[in-house]
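Visitor: Residues per chain, in single letters:
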Amino acid sequence: MGSATPEESVVEVRELRYTISGRAIFDGLNLTVRRGEITAVMGPSGTGKTTLLRLLMGAVRPDSGEISVFGQQPARLGRTNLFALRQRVGMLFQNGALMSDLDVFENVAFPLRAHTRLPEPLLRRLVLMKLQAVGLRGAAELSTDALSGGMARRVALARAIVMDPELLIYDEPFVGLDPISLGVILRLIQTLNSTLGITSIVVTHDVEEISRIAHRSYLLANGRAAAAGSPAELRATAAPVVRQFMSGLPDGPMPFHVPAPDYREQLLGDF
Amino acid sequence: MGGRNPLLDVFAKIGRVALFLGRLLGQCVPSIAHPRLLIAQIYNTGARSLIIIMLCGLFVGMVLGLQGYDLLQRFGSESALGVAAALGLVKELGPVITALLFAGRAGTSLTSEIGLMRATDQLTAMEMMAVDPVRRVVAPRFLGGVIVMPMLTAIFDAVGIFGAQLIGVGLLGVESGSFWSQMQSAVGMRDVNEGLAKSLVFGVACSLMAVYEGYHAEPTAEGVGLATTRTVVSSAVLTLVFDYVLTAAFMNS
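Sequence lines, in order, name chains A and B. The first sequence lines up with residues 1 to 271 when you count with the working numbering. The second sequence lines up with residues 1 to 253 when you count with the working numbering.
None of these hints come from the bench; they were simulated from the model. Glycine included, every Cβ here is placed at the ideal spot set by N, Cα and C. Just to be clear, a hint being listed does not mean it is correct.
[Said to hold, decoys possible] Estimated spans, in silico, between C-beta atoms of each pair: (1) A:80 x B:240: 56 to 64 Å; (2) A:115 x B:11: 37 to 45 Å; (3) B:116 x A:265: 43 to 51 Å; (4) A:249 x B:32: 53 to 61 Å; (5) A:141 x B:250: 35 to 43 Å; (6) B:36 x A:87: 35 to 43 Å; (7) B:43 x A:80: 26 to 34 Å; (8) A:268 x B:11: 18 to 26 Å; (9) A:195 x B:39: 51 to 59 Å; (10) A:249 x B:226: 35 to 43 Å.
[As the list claims (entries may be wrong)] Just a few of them, taken from the derived set where beta-carbon distance is under 7 Å, the chain B residues facing chain A: (11) 22; (12) 63; (13) 131.
[Said to hold, decoys possible] Taking beta-carbon pairs under 8 Å as the criterion, some of the chain B residues facing chain A (in silico): (14) 127; (15) 128; (16) 130; (17) 151.
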């Protein structure tokens with residue numbers, strides 16, 4: 001870890017193919033996440049962004065192709081090694097996924113209690129430090145149902161970093177947040193990346209927000225990376241799919257209409 | 001699993017439940033090492049079911065008092081009411097009704113709790129934090145149910161016998177001395193063990209179905225509702241089937 005060079009990659013995806021009941025979600029996807037960078041994975045709803053995260057974490061296996069995380073292939077690991085790999089990765093879920101039977105403090109303490117045998121005073125200090133980092137030290141004693149959506153996501157973020165992961169994965173971190181909470185999360189992602197040097201993968205479809213902090217972005221379409229590069233490069237890309245997504249045009253290569261029978265037949269025919 | 005052959009589906013489900021039980025049992029030992037979680041579950045499923053168990057036990061006992069007296073006095077042997085009530089409760093009604101109440105009160109809440117954890121990604125989040133949800137969530141709830149069931153049954157039996165005494169001795173005038181002394185001489189350890197064995201088996205069956213259905217619930221509001229229904233139905237059926245099997249086995253031995 002100490003001899004990390006900027007070019008070193010943490011995640012490598014090569015010619016990934018993955019199908020769900022015959023439908024190809026990924027077909028020849030290539031993707032690289034470099035150490036210390038914020039990599040954005042963008043794409044319209046239903047392009048398999050969350051599925052990609054599940055593949056990275058070894059929750060599902062690819063049909064073919066290669067995925068490596070820290071040089072290991074999650075799909076080929078046994079349960080023990082897979083769990084060891086997952087301890088190096090933090091994950092922020094879309095809805096926070098906080099444990100409903102634990103309060104804020106215990107939620108953040110959860111991974112520490114599960115994986116370490118720290119003495120209680122030390123554990124307490126660690127948890128409060130992480131809560132401080134997300135601005136919620138004062139909310140430690142609250143129950144999770146007393147939290148707003150934005151606060152719940154910050155608690156989940158504190159939990160995701162409590163084991164000091166080398167890689168942090170964010171699944172749609174901006175969805176459903178008010179502008180202030182969104183700004184807070186955005187700044188936290190950037191701060192965690194720059195001060196702790198955590199490599200970050202942000203899965204999102206919020207082009208504007210992520211373009212402000214991402215070092216490198218991938219746009220997924222039709223099961224592969226339609227474009228890759230810095231936000232500026234992506235904006236300058238001429239490919240129609242990319243232009244449609246980046247400027248939010250309702251119709252284009254990704255059609256407005258879901259495939260349907262001819263409308264003349266269905267709407268103007270005999271009743 | 002498209003329901004082409006219902007019988008095949010039943011066997012497939014039995015197989016899946018058995019595999020799940022195997023995985024669950026493997027995680028029970030490490031789960032005992034964290035007694036705090038287990039104790040919390042014993043409180044949840046046990047202590048919180050006490051009121052309903054005692055209330056039902058009392059009324060079942062009172063009905064036994066009435067019906068038993070009505071039957072026995074036809075043969076002039078109403079003094080045997082204590083024996084009849086105690087044997088009926090300890091061997092049969094106690095374990096069975098406690099199991100049915102457990103399925104309705106504790107089983108449903110186990111299923112919906114685990115199902116909601118599934119629906120809100122809590123179980124997936126645990127997996128991603130390298131924590132096995134079967135060990136952390138399912139095993140303590142299962143073990144808690146298995147431990148609690150015999151205790152609840154014993155309390156049901158005791159309150160039921162008290163109810164029978166209340167009606168038989170207090171209301172209908174059976175002599176108190178013969179009520180208790182005949183019970184004492186006729187009910188043996190063998191009868192108590194039969195009831196205990198039944199309640200243990202029912203505890204495993206009902207707790208297993210509750211956690212299985214919750215863990216495998218469709219992660220939607222409708223899915224959790226359906227899973228809760230399945231818990232009650234399968235627990236009740238299993239309880240009654242096993243009750244017959246165990247009764248027959250104890251008669252033979």
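Visitor: Each hint should be assessed against the structure and marked as holding or not.
Guide: How the hints compare with the structure:
no. : hint                      : result
1   : A:80 x B:240: 56 to 64 Å  : violated, 42 Å
2   : A:115 x B:11: 37 to 45 Å  : holds, 40 Å
3   : B:116 x A:265: 43 to 51 Å : holds, 45 Å
4   : A:249 x B:32: 53 to 61 Å  : holds, 60 Å
5   : A:141 x B:250: 35 to 43 Å : violated, 53 Å
6   : B:36 x A:87: 35 to 43 Å   : violated, 22 Å
7   : B:43 x A:80: 26 to 34 Å   : holds, 33 Å
8   : A:268 x B:11: 18 to 26 Å  : violated, 52 Å
9   : A:195 x B:39: 51 to 59 Å  : violated, 41 Å
10  : A:249 x B:226: 35 to 43 Å : holds, 41 Å
11  : 22                        : violated, 15 Å
12  : 63                        : violated, 38 Å
13  : 131                       : holds, 5 Å
14  : 127                       : holds, 7 Å
15  : 128                       : holds, 5 Å
16  : 130                       : holds, 4 Å
17  : 151                       : violated, 23 Å
Against the hints set out earlier in the document, violations occur for numbers 1, 5, 6, 8, 9, 11, 12 and 17.
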